Amino acid sequence: MSSKTISLKLLKISIKIAEFLVLDVIKTDKSIVLRKISKILETIKCSLFNFKIKIHPTNEVLVKKKFYFYFKKYNWKIIIDEKIDIYSCYIITEECEIDSTTSAIWNQIYCVSGLKKEK
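Each residue of the sequence shown is one higher than the one before, counting from 4 in the numbering used here.
No lab work stands behind these hints, which were simulated from the structure alone. Nothing here was measured: the structure is a model prediction, and the numbers come from that model. Hints are not guaranteed to be accurate.
[Stated by the list, open to error] Keeping only pairs whose Cα atoms sit at most 30 angstroms apart, straight-line, the calculated DSS-like set for lysine-lysine is:
no., residue 1, residue 2
1, LYS55, LYS69
2, LYS67, LYS80
3, LYS76, LYS39
4, LYS55, LYS76
5, LYS75, LYS55
6, LYS55, LYS42
7, LYS86, LYS68
8, LYS15, LYS55
9, LYS55, LYS80
10, LYS57, LYS67
11, LYS86, LYS67
12, LYS68, LYS80
13, LYS69, LYS86
14, LYS68, LYS57
15, LYS39, LYS55
16, LYS69, LYS80
17, LYS80, LYS42
18, LYS19, LYS67
19, LYS68, LYS15
20, LYS76, LYS86
21, LYS75, LYS86
22, LYS15, LYS42
[To be verified] If you anchor each label on the Cβ, the simulated ranges turn out as follows:
no., residue 1, residue 2, range
23, THR8, LYS68, 20 to 30 angstroms
24, THR8, ASP102, 31 to 41 angstroms
25, GLY117, ASP84, 12 to 22 angstroms
26, ASN110, LYS67, 21 to 31 angstroms
27, THR8, LYS80, 46 to 56 angstroms
28, ILE83, ILE112, 26 to 36 angstroms
29, THR8, GLU63, 16 to 26 angstroms
30, LYS55, GLN111, 32 to 42 angstroms
31, ALA107, LEU44, 28 to 38 angstroms
32, ASP102, THR61, 32 to 42 angstroms
Ideal placement from N, C-alpha and C gives every residue a C-beta, glycine not left out.
Model the full structure from these sequences, guided by the hints.
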């Protein structure tokens, strides 16, 4: 085997191990969706008005409680979606959409690495 082939196989194994480890950490950390939303708020430059957050129904009370000020002041809306991962969110504003779902993040990692994700 060439060194390029070996490197690609090692990279693929490393990404797969990282995916298992991260998903395991995500399963034990209940506040991860709150941190995702907070981080997005810190980095986006678009308007806070007409902000919609798509989340799993399990997180509705938690998100409303944490971001109560924003819901009240900026008229935010929650879109409940049972199909979205429990630790993910999808943000919609007038200017942009931000896919912060777990599957989107892993698809980006595979895309950047040049590897194809196995099904």
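Comparing the hints with the structure gives:
1. Distance hint between LYS55 and LYS69 is fulfilled; the C-alpha atoms sit about 15 angstroms from each other, no more than 30 angstroms.
2. For the suggested pair LYS67 and LYS80, the alpha carbons sit about 10 angstroms apart, so the restraint of at most 30 angstroms is met.
3. With a C-alpha separation of about 21 angstroms, the suggested pairing of LYS76 with LYS39 holds against the 30 angstroms cut-off.
4. The straight-line distance between the Cα atoms of LYS55 and LYS76 is roughly 14 angstroms, inside the 30 angstroms bound, and the hint therefore holds.
5. A C-alpha spacing of about 13 angstroms is found between LYS75 and LYS55, which places the hinted pair at or below 30 angstroms, so the restraint holds.
6. Proximity of LYS55 to LYS42 is assessed by CA-CA distance (about 16 angstroms); at most 30 angstroms being required, the pair is judged to hold.
7. Taken as a hint, the LYS86 and LYS68 pair is honoured in the structure, with Cα atoms around 22 angstroms apart against an allowance of 30 angstroms.
8. Between LYS15 and LYS55 the CA atoms are separated by roughly 36 angstroms; this puts the pair beyond 30 angstroms, and the hint is violated.
9. Under the criterion of a C-alpha separation no larger than 30 angstroms, the hint pairing LYS55 with LYS80 is consistent with the structure, at around 5 angstroms.
10. Distance hint between LYS57 and LYS67 is fulfilled; the C-alpha atoms sit about 12 angstroms from each other, no more than 30 angstroms.
11. Annotation: proposed proximity of LYS86 to LYS67 holds, straight-line Cα distance about 19 angstroms (limit 30 angstroms).
12. For the proposed pair LYS68 and LYS80, the alpha carbon gap of about 13 angstroms is at most 30 angstroms, so the pair holds.
13. Between LYS69 and LYS86 the CA atoms are separated by roughly 22 angstroms; this keeps the pair inside 30 angstroms, and the hint holds.
14. For the hint pairing LYS68 with LYS57, the CA-to-CA distance comes to about 16 angstroms; that is within 30 angstroms, so the pair holds.
15. Proximity of LYS39 to LYS55 is assessed by CA-CA distance (about 14 angstroms); at most 30 angstroms being required, the pair is judged to hold.
16. With a CA separation close to 14 angstroms, the supplied pair LYS69 and LYS80 stays within the 30 angstroms bound.
17. Taken as a hint, the LYS80 and LYS42 pair is honoured in the structure, with Cα atoms around 18 angstroms apart against an allowance of 30 angstroms.
18. Restraint check: the Cα-Cα separation between LYS19 and LYS67 comes to about 34 angstroms, which exceeds 30 angstroms; the hinted pair is violated.
19. Distance check on the hinted pair: LYS68 and LYS15 sit about 40 angstroms apart at the alpha-carbon level, beyond 30 angstroms; violated.
20. Our distance criterion of 30 angstroms between C-alpha atoms is met by LYS76 and LYS86, whose separation comes to about 29 angstroms.
21. Restraint check for LYS75 and LYS86: satisfied, since their Cα atoms lie roughly 27 angstroms apart, inside the 30 angstroms limit.
22. Taken as a hint, the LYS15 and LYS42 pair is honoured in the structure, with Cα atoms around 28 angstroms apart against an allowance of 30 angstroms.
23. Between THR8 and LYS68 the CB atoms are about 51 angstroms apart, so this pair departs from the stated range of 20 to 30 angstroms.
24. For THR8 and ASP102, the hinted distance range of 31 to 41 angstroms is satisfied, since their beta carbons lie about 32 angstroms from each other.
25. Taking 12 to 22 angstroms as the suggested C-beta distance range, the pair GLY117 and ASP84 does not conform, at roughly 31 angstroms.
26. Checked against the hint of 21 to 31 angstroms, the pair ASN110 and LYS67 passes, with Cβ atoms roughly 29 angstroms apart.
27. Under the hint 46 to 56 angstroms, the C-beta atoms of THR8 and LYS80, about 50 angstroms apart, fit the expected range.
28. At about 28 angstroms, the CB distance of ILE83 to ILE112 agrees with the hint of 26 to 36 angstroms.
29. Checked against the hint of 16 to 26 angstroms, the pair THR8 and GLU63 fails, with Cβ atoms roughly 48 angstroms apart.
30. Separated by about 22 angstroms at the C-beta atoms, LYS55 and GLN111 break the suggested range of 32 to 42 angstroms.
31. Between ALA107 and LEU44, the C-beta spacing of about 18 angstroms breaks the proposed range 28 to 38 angstroms.
32. Checked against the hint of 32 to 42 angstroms, the pair ASP102 and THR61 fails, with Cβ atoms roughly 19 angstroms apart.
Going down the numbered hints, you'll see the structure goes against 8, 18, 19, 23, 25, 29, 30, 31, 32, while the others check out.
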